[in-house]
Structures are given as structure tokens and as C-alpha cells.
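In order, the protein sequences belong to chains D and F.
Residue 173 in the numbering used here sits at position 161 of the first sequence, and the numbers go up by one each step.
Residue 420 in the numbering used here sits at position 408 of the second sequence, and the numbers go up by one each step.
Any given hint could turn out to be false.
Copies of one chain are not kept apart here, so a pair can be met inside one copy or by any two copies together.
[To be verified] Straight line, CA to CA, 25 Å or less: simulated SDA-like cross-link-like pairs of lysine to any residue:
{"hint": "1", "residue 1": "Lys381", "residue 2": "Gly164"}
{"hint": "2", "residue 1": "Lys349", "residue 2": "Pro174"}
{"hint": "3", "residue 1": "Lys60", "residue 2": "Asp276"}
{"hint": "4", "residue 1": "Lys416", "residue 2": "Pro174"}
{"hint": "5", "residue 1": "Lys60", "residue 2": "Asn93"}
{"hint": "6", "residue 1": "Lys168", "residue 2": "Asn406"}
{"hint": "7", "residue 1": "Lys343", "residue 2": "Gly197"}
{"hint": "8", "residue 1": "Lys212", "residue 2": "Pro412"}
{"hint": "9", "residue 1": "Lys23", "residue 2": "Leu302"}
{"hint": "10", "residue 1": "Lys181", "residue 2": "Arg401"}
{"hint": "11", "residue 1": "Lys306", "residue 2": "Pro412"}
{"hint": "12", "residue 1": "Lys212", "residue 2": "Ile420"}
What the hints contain is simulated information worked out from the structure, not anything from laboratory work.
Protein chains: 2
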Amino acid sequence: MKYVEGLHCIKCAKKYEADPERYLCDDCEDGILDVDYDYSKIKRDWSKEILKNTSDQRIWRYTPLLPIEENTEKPKLAVGNTPIYDIQVLADELGIRKLIIKDDGLNPTASLKDRASAMAVVKAQEAGAVTVACSSTGNAASSLAGNIASMGGRMKSVIFVPDRAPAGKLAQLLVYGADVVSVKGTYEEAFYLSAAAIDKWGWYNRNAAINPYLVEGKKTVSIELAEQLNWQMPDWLVFSVGDGCTIAGAYKGLYDLIQLGFIDKMPRLLGVQAEGCAPITEAFKSNEKLKVSKEDTIADSIAVGKPRNWIKAVRAVRDSEGDMINVSDQKILQMMKTLGEKSGVFAEPAGVAGLAGLKKAVADGIVKKDQSAAVVITGNGLKDIKNARKAAGNPIEVEPDLDKLTEIFKKMGVI
Amino acid sequence: MKYVEGLHCIKCAKKYEADPERYLCDDCEDGILDVDYDYSKIKRDWSKEILKNTSDQRIWRYTPLLPIEENTEKPKLAVGNTPIYDIQVLADELGIRKLIIKDDGLNPTASLKDRASAMAVVKAQEAGAVTVACSSTGNAASSLAGNIASMGGRMKSVIFVPDRAPAGKLAQLLVYGADVVSVKGTYEEAFYLSAAAIDKWGWYNRNAAINPYLVEGKKTVSIELAEQLNWQMPDWLVFSVGDGCTIAGAYKGLYDLIQLGFIDKMPRLLGVQAEGCAPITEAFKSNEKLKVSKEDTIADSIAVGKPRNWIKAVRAVRDSEGDMINVSDQKILQMMKTLGEKSGVFAEPAGVAGLAGLKKAVADGIVKKDQSAAVVITGNGLKDIKNARKAAGNPIEVEPDLDKLTEIFKKMGVI
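Chain D on its own, in the form it takes in the complex (with noise of 0.2 Å):
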């Protein structure tokens, strides 16, 4: 870690040593940490030009702005390099001169999180830990579980969930060779035996949310957008927000870049929640402490009633000079068939609520029709069928025949 200063507390500012297991700060309450780079040596060693050389196509080709040693282990999977795609004609829906959709539903086990939990498996080595663990039936769970057995058997992952959690989620874990602990109670034992079990036998915590070393690997996203857009950043850069450290992450990326001289300006970031669970943006329009929501919306990935990384998130949004907006259930699954019809790229509910909130955003003034964005699409819609299944509509119904499917093809326009 050649480039790393240390930690410091986002609330106090009081320093760390990074040590891969200080999650927190001493003595603030939601006293989330953020890992300080020398960027003046990172220049001295490091450039466009070196990266544009880096074979490396995972997230380890920026191995300067991480916070790992440069020989530990990596897990196999092929994390990072997510195509993006430049979608005229959804930009001229949405109203706005160009918009740019980054696919991160393609990262190996199909979200975003396989950049934090990459970064797990390496930060737990370098705690000396075989074990990993986590509490989620979602994304950080699956994510987890995948990039552990690509370390091929010498490490162990350990996912608590809640016994109402669906088999369906539960498949993908138990394939990757996961100890899935199925808890008789509510998500909040499952996360408390969870973090019982991780304090009495020592194994490393894959929890984003207050591991500051997590955000590090999510901040890959913004970095790689930037890079694949030649260091041309567009005005807006859209995420929707569950418990924060997508957008905290994106905004560390961003940061960083702009220290190397790699970007000239930062991007405005536009948070969006779902209207049913929107804590982050109540606090960021209020300038108060978080409020504890009810989690209702079918955007499961972003339904954190209690975000515990909120003060990261509305800092990166009000530093970048952006907003946060909320949008429906309803919004959220019109925007999963409208980008799935216009491009290609099928989204989970959470994925592809930051493109519904921008198409609020423009609607509302925020963002102006000679702005460009870029909206990074977080999961995968093959995730969640159930609620695809919402989005899709019905197919045409027809017997087999060619006359009876001629009449209905032609009442419905189709020929």
C-alpha cells in the first residue's frame, strides 16, 4: 500500500493507520472512515498513458488508487470492464443531449458489488482471515459468495439470511459453495447473530457500508466510466442509493482523478431512491440527521431503511453540486422496459432506478436539455424475474394459424 496515508474519520477527522481490520471510528457515532492516497506520489509513478498500457483488464489495472498490497492474492473472476453503451434514442426520450448507460450488471456474478466484495477477498488475506461473512440475501451476499470460490477452495464465505429469504436468491449462494445460515427470525437477528459469529471467530466482515476499504473497490465504476470515456466526463453522473456507498464510492473515484489531473471537473451526481424507501434524500433536502424509513418498494437492492453510509453519500452529492430525487415502483418498471426496448441492457428494479430518477430530473428542471449523463445500470435483471415479469406485458395469444395471427398482426399495427 505504497500510496496509502491512512484513515480518517468523515465526522472528526481524527487519523488512522490503515489496518485492514479498523472499520470505525473510536468515538463518533456513524464515524465512517475514508482512505487517504499520497496523490503526489501516485503522479510521480503513474499516468494515462501507463494505464492505457495496463493489460490488466479488471478493476486491478488502478491498483495505485487501491488500498491493497500489490501481491496479495486477487480472486480470479473477471471484475470491472463493463461495457458502455452511448443511446441516442433514450436520450431523446429523456430530453437530453446524450446519455451514456453503463452496463455493470455484466460484472462476473451480475452487479456492481462484485467490485466491493473483489476487494473483500483481498483485504481479508491481508487480515490474515480464510473467512468471510456477511449478512444479505442480495447482491453483496452473491457477490461475496462468487468471488471466494474463485479462489478456488482456500477460502470460506459465510452468508446469514433471514428464513423468509427466497430458495430462488438462496440457488446462486449454495452453487458457489457458500455456508448459508438460514436464521429463524427476522433480517435484523440474521444480521445480529451475523456480526456475534464474525466478533467470536475472527473472520474478516464484507459489510460496504462500514468497511471503508469496500467503498475503494466500488469506486472502480466511476474510474473506469471515466477512463472508457477518454477522460471526458458528461455534466451528470446518476446512481440510485440504498445504503450509500455506490455513490460515496463513485465520488471517491472522481475525487481521486481530479487530485491525478486524469479529470478537470467533477461531474454532478444525481442519487436516486425509491419513493417507498428514501431516508438519504429526506436527510440530504432537510439537512438533518437521518430519519429511519419503512422499506417499501420493489427496488429490493436499494430498500435500506437504515443507511448506515448516508453521511458519505450526501457529502459526495452536495460536493459535486447534484441533487438527490425519488421515483414509484411504478416509474421504476416502465424505465426497466423502456431501456430493455431502446437498448439491450436488462436491469433488476434497483438497476435501473437511477435512469427513472433522471428522466424525473430532467422532467423537473434539474437536469437541462443541453446536459449529457452517464447512468451506471447496478444489476442484472435476470436477478429478479419475478419482477421483471411485471415490467414485461403480456405476449400475443394466437392459435396456429396463419389467417387468425394475419388479423390480430394487423389490429395491433405489427405488420
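Guided by the hints, dock chain F onto chain D, whose structure is given.
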């Protein structure tokens, strides 16, 4: 198409012009066509070095070896450039020297079929068609719908399915905006209605088995693999086999590379079918004409009782001095879990059948202990969660109590 000389029938060798709508030989039953190239002309204009400096990472980087006009608009989806993993722990488990896994389930719509569908979108335009149709409930359909969608509304897909098709499989198609025609009848009736409709309205036919150009899309999988392996091919290259197009395509790609001098020998092809549907293995072993088979396997993407491309498939395996083998559904499910645990790659049953077949081929002495192999995983496990659940096993059930968890973990040897 400056390097394409034309087409020839693989049965009678009759030559045809490379018309985008030329599908079959006029004279032969099962008269599948093959595309011929002027390799000396390609060699003059193209080299490994030029390829190395080609920035397009999609399958279009191999355009000199594709039967397309250079300027036809490409679908936007980032098809190709799927990762390869060198997995020693799996090689050890199978008892061979070296094993490469190529995860083609990370294509944009989550299967290898994207390579053929992207080609269909290009050839349809060259034929002057706006609509492309097929009859399928599987990966051919979803990849067609996704690639068409990525044309941003300028083209359309029409997909014919029998009304027993599960709603989950239709969701992805409908989100991509395909016109899905649910035919009240069998799969055969859906197929014949699609054929009649294609004929009546002049749509482009996305049927890999009879369309010679689509196999040329599929061949990019072996060309890409060869480039990723720095042109050093393993002793064996392994594919699951359904209608025969994928293994035939892989062979064609390798044949091209040998003609160009990019690789110096043809790896042996191992074709793997499911025990419950193995007509091509039977034809290969018996040296007789193909007999239609039942379709009794969980590996639905390769459950093709009457494969159209069996002649090309058998020729590919024979010319490469390869072999064919069958595996049971139980072995497929077991291998789904083994692959997941050892590599973090989540495959659908048909996607992992090749690997299960390789294991059997090693046990049978077909593949030797000192040999190397590469296996292409053809589809993502998220496509078929129902079967993943069968492979996955069960979670550990526990009360929210650390003492009880400790007890269970001790019994299971987790701690």
C-alpha cells in the same frame, strides 16, 4: 465481404453466391452450407499484430473472418470478450494437467448465442429486412431480442413460443420489446407458424441450424479463445452439443486460424450431449444417419431431438480427431455445483454439460492425464434458477442464537 468467395454445400459441394438470404442447398436434404474465404487475401491484409492493436473488443474485431460488409451497422451490445480462467484446482479434480474455463455466460444477454444473434442482426440489414424472427423459448430468442433492441428501435424481433413456455423465460424477451407470439399448441406448431409467417412477410430467419452466416458468428468463440491463449491451443476443446451449430462453429473458427497460420494445430474437439437426448453422439458412434431422439434432460438448451446441423457437428469432431460422450442429468447438476465452488462461475445445466463430459472422458481414458483442455461455458446459471436449486443443496437452519450456531458448526466441521 471482400474476403468471402461464396458458399458451398457440405453434402454435394455445390457452390452458391453468398446471398444473405441463401440458407440451404437446392439439391440436398439437410444441405447445410458453409462460407468460403480467400485466406491468401486475408493473410495479405491482416495479421496477429494488427489484431492486437484493434481497439474494438467485440466480435467485430474479427471482421476479416466474418461474412459481413464492413459498414453494415452493428448491434450495440458488447458481444464477445468473455473472460477465461485457468483453474488448477479443477484440473486437479478432473485429473488433467491444465484446464481453462471460458465463461460465455457473461455475454450481454447471458449466453453464447449472442454471437449468432449479433450476426443475424447484421445479415438481416444486408438482406434489407427490418424484422428478424425465430421460434425458441431459450437463449436464441433472448439473444435475438436483446441484440435487436440494441439497434434502438430501428429493427424488430418476432419470437414464436408454444403456450407452455414458462412466463419467466418470456419476461426477458418482452422487456427487450420483442413481439412474442404465444401459439396455442406444441413446439412443432409454433415452429411451423413461424416458418409460414417468415415466408409470408419476408422477415429474416434467425435459425442458426440452417443459416450459414450465424455459425460464422458462433465461430468467434474459438477465435477469441485462441487469441486470449496467445494462439497456444490446449489439447482438447470441449462443448456441450444440442443442434450441433456451436461445435461446428468452433471448428470453423479453428480451421480459419490454421489456414491463416495463426495456430499450428487443431485441438481435438470433445462434444458432450445429455444421456436423455444424444442423437448426434449416436450418429457419430454408429457412422449412420441421424435418428430422431427423445428430449429427456434438464439441460434444455441442448435438448434437441432432431438437430439440423448434425452433419457439420460430426464432421467437426471427426476432422479434429475428437470424440463424443454423453452425461447424465445427475452428473450435470453435480458439476454445476463443483464448477461454482471451485471457480465462482455459475452455469446453466447445458452450460456445464461440457465440463461434466470432460470429467467422464478423463475417467474413460479418452482425455489423458498429461493433457490440457478448455471448456466453454455456454450459458449463465441465472437463466435457470429452478435447476440451480436442485444442484445447490440446502442452507444450515438455526435459531437466532450463537450457542446453537456454534453447536451446529462444530457438528458440520465448519469451525
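Against the structure, the hints come out as follows:
1. Lys381 - Gly164: Close across copies (20 Å), not inside one copy (50 Å); limit 25 Å.
2. Lys349 - Pro174: Between. Shortest inter-copy distance 23 Å satisfies the 25 Å Cα cut-off; intra-copy 31 Å does not.
3. Lys60 - Asp276: within (14 Å within a copy, 37 Å between copies)
4. Lys416 - Pro174: Classified as between: cross-chain Cα gap 16 Å, same-chain 50 Å, threshold 25 Å.
5. Lys60 - Asn93: both (16 Å within a copy, 23 Å between copies)
6. Lys168 - Asn406: Close across copies (17 Å), not inside one copy (43 Å); limit 25 Å.
7. Lys343 - Gly197: Classified as neither: same-chain Cα gap 33 Å, cross-chain 35 Å, threshold 25 Å.
8. Lys212 - Pro412: between (64 Å within a copy, 15 Å between copies)
9. Lys23 - Leu302: within (14 Å within a copy, 73 Å between copies)
10. Lys181 - Arg401: The answer is both: 17 Å in one copy and 9 Å across copies each meet 25 Å.
11. Lys306 - Pro412: between (49 Å within a copy, 23 Å between copies)
12. Lys212 - Ile420: For Lys212 and Ile420, only the inter-copy Cα distance (15 Å) is at most 25 Å; the intra-copy one is 65 Å.
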